[in-house]
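*Asks:* These protein sequences, in sequence, are chains S and E.
If you're matching positions, the first sequence starts at 95 in the working numbering and goes up one per residue.
If you're matching positions, the second sequence starts at 95 in the working numbering and goes up one per residue.
Don't read these hints as lab results, they were simulated from the structure.
Treat the hints loosely; a few may be bogus.
Since the list gives no way to pick out one identical chain from another, each pair is judged satisfied if it fits inside one copy or across any two copies.
Calculated pairs, DMTMM-like style, for lysine to aspartate or glutamate (alpha carbon to alpha carbon, straight line, at most 20 Å) [said to hold, decoys possible]: (1) 459 x 376; (2) 324 x 159; (3) 128 x 320; (4) 128 x 138; (5) 459 x 170; (6) 157 x 122; (7) 210 x 346; (8) 259 x 293; (9) 324 x 106; (10) 107 x 452; (11) 259 x 241; (12) 115 x 195; (13) 459 x 142; (14) 217 x 190; (15) 274 x 231.
Protein chains: 2
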Amino acid sequence: MDEKMEFEEFLEKELRLVEEKKYIRARDELLQWKDADVAEVIEEVMDEISLNAAIILFRMLPKDDSADVFAYLPTEDQLAIIDGITEREISYIIDELDFDDKIDVLEELPANVVDKILEKTPKSERRQINTFLNYPENCAGTLMTPDYISLKANMTVRDALHHIKRVGMDSETVYTCYVKDEGRHLIGIIGLRKLVISDGSALIRDLMMTDIVSINVYEDQEDAYETFRKYGYMAIPVVDRENRLVGIITMDDILEVIEEETTEDIERMAGVVDDSTASYLDTSVLHHVKNRLPWLLALMLMYIITGAIIAGFETTLKEVICLTIYMPMLMGTGGNSGSQSATLIIRSMAVGDIDLQDGWRVLWKEIRVSVLLGIILSSVNFVRVMIEQHSDPRCFLIALTVCLSTIAVVVAAKCIGSMLPMLAKKIGVDPALMASPMISSLTDMVSVTTYFLLATMLLHI
Amino acid sequence: MDEKMEFEEFLEKELRLVEEKKYIRARDELLQWKDADVAEVIEEVMDEISLNAAIILFRMLPKDDSADVFAYLPTEDQLAIIDGITEREISYIIDELDFDDKIDVLEELPANVVDKILEKTPKSERRQINTFLNYPENCAGTLMTPDYISLKANMTVRDALHHIKRVGMDSETVYTCYVKDEGRHLIGIIGLRKLVISDGSALIRDLMMTDIVSINVYEDQEDAYETFRKYGYMAIPVVDRENRLVGIITMDDILEVIEEETTEDIERMAGVVDDSTASYLDTSVLHHVKNRLPWLLALMLMYIITGAIIAGFETTLKEVICLTIYMPMLMGTGGNSGSQSATLIIRSMAVGDIDLQDGWRVLWKEIRVSVLLGIILSSVNFVRVMIEQHSDPRCFLIALTVCLSTIAVVVAAKCIGSMLPMLAKKIGVDPALMASPMISSLTDMVSVTTYFLLATMLLHI
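Let the hints inform the model, and build the full structure from the sequences given.
*Replies:* Right, here's the structure in full:
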């Protein structure tokens, strides 16, 4: 906690220094901190003061540090900085980045800038970059790095350690080494730990693990995450269709995927379409409108049906106008009950606790839960209606209508809320779309229908 | 993808074999797969066939594999298996587990079982286990493992590698080594990579990094996750108040934390209280009721206010009964608009894109977005009302009421939806509680009030 407090204090101070244009002092103090901290300061300067101030501060960093700091910045901030610095500086930074960070930045840059940067890159690396840039979005290929240690099966441990000493410093992870045959096929894996504790003259062939978990380069990044989750490895090799090793994915790259995928899920569950990874504040007003309009409009149109149902019961309504008073409560409770179930099921499916075969068990559980909840909630409602309507001679019947509707609505909402996400999954639609907004709109129809039907029957209208 | 398909096929076959009680063949085929896969098969047998079948299969595993497979099982399944095997088998498995897995299992076991297991544990380990068991839930201390390599500053690289060779195989991660002084204070860090590529006679003191990011043992696990997220390290040391090294947390332990914390957030956002980590199907009906009742009931009671507002407008309603038709649409659209904003803000705050100082920028953005959305949605509504009510002489005024209400409701909902989570954070309440259910109930009040007020004014009732 102390470290965090200390950093917060430092951040305040830095913002003050930059605001007073004391850049030199701001820079000098900055250099005492870690790259990730420096990046956070620059991010905050950009947000709180101005892009220009952030660029000035960034350009004052020692050349050696600038690429490392750059790698820690969020993509939008990286692009903003690239717009503000010279081409020479861009080239230098891109050059210094780790291969996978390099690809991430190049992917977001306009084609003409990428071309200019690639012109200055050595031919072999240029070819490799181009291959990486061509992987479809969100596939394992876009997460991987080609910087890994590769060994040969007939090397001795001594040879291998010598080889690592020579090339090791450039590789993002040397802790797992990959053994390839002549055709670049992945045939084994050996950890640096094993090399260090083994006899120098032993052959890699005899020490390596041949029972390998790998990911196909075109697999979805969510599947890559699943593989990490299941096996708990720190790095997983990526192979092409012929089982040739093309790169590795390390666990820190997966952390970002988890965050992205979770945000996407949560946003979908609230009826927000989001096709970019830009942050809330960096998304324009028009883009926010575009992201939110489709679902709002679609759901609003669904209420034409609910409206028509109410219109059909106009006589009932005219007769007992106080029925309107309890309509919002019924709709709200239905929506909330349904959303609870939908959320629990969507999340359970996402983390693998439930699959489609569990359908009946889920339904049976939801029915029992909802009957119990319905009875408790409707007894509270009974008291409420009896108090509020005690002057009406039909108060008991009205209370009965509200109570029976409550039970029916809660049970229906929980069944719809739990089954719809599973049904969505079955037909290949993202279950997250069947969350709160969709469920509420559907349960509103059920609530209104049940309520007025029961009222018509019980009150003999 | 092929590997996955292959596993699914194998799983089906295993389930069939177990169902036919061909345990020996099931076991033999199982042994060709990885521990994580074996664990998944046992999990599925438990879910799909029976606990007994799963226990039989588990007990048939070779002794050496059983602890590794056990470590991959979810906690509930581990406890179920422990209930079904002998004390001797329990002791053996617990003994073989990595230290942090051991703590996880012991934490869940009843005290008398733990005591029995500890009786057979060597004294020094028993003391260590007891210390670990006493850390409060959800703190960094419960995630860490004491299995790490510690070096001394005056060792040479050769000494260090020799030391690692001797103790290395037992440590969960030897890739980062920790340098301690006589008082067990953490004074430096050095990666195995650095050791391997450095000269054998160099001193650790001269190679180690002294600029260390560490976590306090009592810090919340969510803060530990933040630290991993910020710096991207594979392992982070955990220290006590005197900066003495007590353990390390590795990134794979953090993956589980992320999942737990995200589930908790998502559930809270849907008004579900959940105090356990048990899966949906393993939670009893009564427990589900207990988790869902508080919010359902509280929100239902809030509708007493909405009901009272409607009751106050009974004359207006009686006069223009068709107003009721558009009430669900307005409430639904208000709820959905508010939920969208609330979700975006809650998530943005959770991943650190927005903090409390951004309040005014967020509000200004939401106002512009909501005015635009309101205008689009209300023009659709205008057409709808004009068509539906064309026989009513007051149809234009009714349409105007609905349209103006739509704009007002969307704007109000987006302001409430975005500001309430920030306000919650400011006063130290979890923003996730201010999501969809809470926001919908509040916007329902606003919708009803605005709608009937406008109707009364425009229609001169």
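*Asks:* Give a verdict on every hint.
*Replies:* Going through the hints against the structure:
When the C-alpha separation of residue 459 and residue 376 is checked against a cutoff of 20 Å, the pair qualifies only between copies, where the shortest distance is 11 Å, while the shortest distance within a copy is 43 Å. Proximity of residue 324 to residue 159 under the C-alpha cut-off of 20 Å is restricted to the inter-copy arrangement: shortest distance 17 Å between copies versus 36 Å within a copy. Taking the shortest alpha-carbon separations for residue 128 and residue 320, only the inter-copy value of 15 Å comes in at or below 20 Å, while the best intra-copy value is 32 Å. Taking the shortest Cα distances, residue 128 and residue 138 sit within 20 Å of each other inside one copy (15 Å), while across copies they are farther apart (46 Å).
Only between protomers do residue 459 and residue 170 lie at most 20 Å apart by alpha-carbon distance; the minimum there is 18 Å, versus 46 Å within a single protomer. Proximity of residue 157 to residue 122 under the C-alpha cut-off of 20 Å is restricted to the intra-copy arrangement: shortest distance 14 Å within a copy versus 59 Å between copies. Neither within a single protomer nor between protomers do residue 210 and residue 346 lie at most 20 Å apart by alpha-carbon distance, with minima of 30 Å and 40 Å respectively. Taking the shortest alpha-carbon separations for residue 259 and residue 293, both the intra-copy value of 17 Å and the inter-copy value of 10 Å come in at or below 20 Å.
Proximity of residue 324 to residue 106 under the C-alpha cut-off of 20 Å is restricted to the inter-copy arrangement: shortest distance 19 Å between copies versus 42 Å within a copy. Proximity of residue 107 and residue 452 under a CA criterion of 20 Å is satisfied inter-copy only: 19 Å between copies versus 56 Å inside one chain copy. Taking the closest pair of Cα atoms, residue 259 and residue 241 come within 20 Å of each other only inside a single copy of the chain (15 Å); across copies the shortest separation is 27 Å, beyond that limit. Taking the shortest Cα distances, residue 115 and residue 195 never come within 20 Å of each other, neither inside one copy (31 Å) nor across copies (52 Å).
With identical chains, the CA atoms of residue 459 and residue 142 are at most 20 Å apart between copies only, with a shortest distance of 16 Å across copies and 50 Å within one. Within a single copy, residue 217 and residue 190 get their C-alpha atoms as close as 17 Å, which meets the 20 Å cut-off; across copies the closest is 52 Å, which misses it. In the homo-oligomer, the alpha carbons of residue 274 and residue 231 never lie at most 20 Å apart, since the shortest distance is 27 Å inside one protomer and 45 Å across protomers.
When held up to the earlier numbered hints, the structure conflicts with 7, 12, 15 and fits the remainder.
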